[in-house]
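Colleague: Chains as they are written, first to last, in the numbering used here: chain W, 516 to 716; chain U, 516 to 716.
It is worth saying that the hints were derived from the structure and are not from the lab. Worth double-checking, as some hints may not be accurate.
Any copy will do: because identical chains look the same in the list, a pair fits if it lies in one copy or spans two.
[Stated by the list, open to error] Dumping the calculated SDA-like pairs for lysine to any residue here, alpha-carbon to alpha-carbon at most 25 Å:
1. Lys630 - Asp680
2. Lys608 - Lys668
3. Lys535 - Cys677
4. Lys630 - Thr537
5. Lys603 - Thr574
Protein chains: 2
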Amino acid sequence: MKKKTRGQLIVLSGPSGVGKSTVISELLSERTDIYFSVSFTTRQPRVGEADGVNYHFVTREEFEQMIANEELLEYAEYVHNYYGTSLKVIREKLDAGIDVLLDIEVQGAAKVRAKCPDAVLIFIVPPSFEELSRRLHRRATDQEEVIQGRLRKAREEYQQICNYDYLVVNDKVSAAAEEIIAILTAEGCRTKNRMNFVEGV
Amino acid sequence: MKKKTRGQLIVLSGPSGVGKSTVISELLSERTDIYFSVSFTTRQPRVGEADGVNYHFVTREEFEQMIANEELLEYAEYVHNYYGTSLKVIREKLDAGIDVLLDIEVQGAAKVRAKCPDAVLIFIVPPSFEELSRRLHRRATDQEEVIQGRLRKAREEYQQICNYDYLVVNDKVSAAAEEIIAILTAEGCRTKNRMNFVEGV
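Work out the full structure, taking the sequences as your base and the hints as a guide.
Modeller: In C-alpha cells, the structure reads:
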C-alpha cells in the first residue's frame, strides 16, 4: 500500500444549542481513529468535569508561559479566563497521519485557518434559526434573557459562515455525523492529498 | 424543508483499463437520482450498442449543426468521428436540481471546467501504474502494441491530474463508488451550496 499522508485538521464550530457535542460524540464513536483535541483553560473545573477529558486545567502562569513559548495554535480570553489549543500535540498527531478534531468558536477557527490553510472548517447549523430558538427554550435551563443573548451571539457567528468550507445541518444527529464523515472521506480524496498514487509514473 | 439548490455537474475521467464503467454502474445503482449524460457521436453503432443508451447516434450533418448552434458543452473529433456532450439537456437537469454525471476524457474535462467552474472533476486511478498494466494485459483482448499505446496515453492523461479536484483509487469497485458518493455528499455540504439555510437570519 502507498505511504500514509499527513493527518487532516478538522475544525467544528456552531451556535450554542445546535447540538454540537452530541454530533461530535456520534462522530467519534463512528470514527474512533480521530483524535479529539482537548483545550487548555485557566477556569476552574465544574462539577463532573475531569482534567484531560473536558479540558486540560492549568494555572494562569502556566497558560501565559504557553503563550510566551508560542505553544498555542489559537487562544482567547473570556470572562477573565484563558482558553486555548496546544500546537505541539496537534502537530505530533497530524505528522503521525492522525486526523485531529477541534471544537472551537468562530474567532479561534479564523486563527486556525490563517495558520493552517489546509484545515477543513465545518459549521454546524440547525435546520432553521426558529428551530435553534425552540431548542434553546426546550432546554429550559436558561432564563429568557440568557437565551436571547445566545441567539444574538448565534446571529453574530452566522456572519462568519463564509469562512467555513462546509455547512452541516443538524436535523438528525446521525445524519449530521454521516455528513461530517463523508466530508472527511472526500477531503482524503483531494488530488493534493493523493499525489502519492501518481508519483513516478 | 428548504428549497432545492441547483444540481451538481460531475465529471469522471480515468485511463483505459482502470475499470471506470464498472465503477459508474455501481455508483448509478446506489445513487439512482443521478442523471448519466449520454454523449452524441457520429460513429456507427457497434454490435450490442443502442441509440440513447451507449450514445446518441447522429449524422455528421446533425452534429455539425449542433456545433453551429452552440448546443455542445464540449466536443472532440477522433479518427474522423465526432463525440460531444449536449449542453441543453444538462442545463435542464441541473436547473431542476438533478445531479449530472459526465464520463469524458481529459481534454473534454478541461473544457467543462473552463465553462462550468463549479463542476466537480474526479479522476479514477488504479492502485498503481503496474496494476493498470496488469489489468490491461489480463483483458487479453488487445495486442501488446495496443496495450503499450494505452499505457502511453494513460501517462499523458496523468499529466493533467492536477486539473482534477479528486482522485479516486479503484482498488475495489464498491469502495471506489462509495468514495464518489462521499465526494458528492461533501460537495452538497459546501457552504456556497447551503446558503439557503442561513439566509434571512
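Colleague: Does each hint fit the structure? Answer for all of them.
Modeller: These are the hints, each one checked on the structure:
no. : hint            : verdict
1   : Lys630 - Asp680 : both (16 Å within a copy, 23 Å between copies)
2   : Lys608 - Lys668 : neither (32 Å within a copy, 40 Å between copies)
3   : Lys535 - Cys677 : within (19 Å within a copy, 35 Å between copies)
4   : Lys630 - Thr537 : neither (28 Å within a copy, 42 Å between copies)
5   : Lys603 - Thr574 : within (19 Å within a copy, 65 Å between copies)
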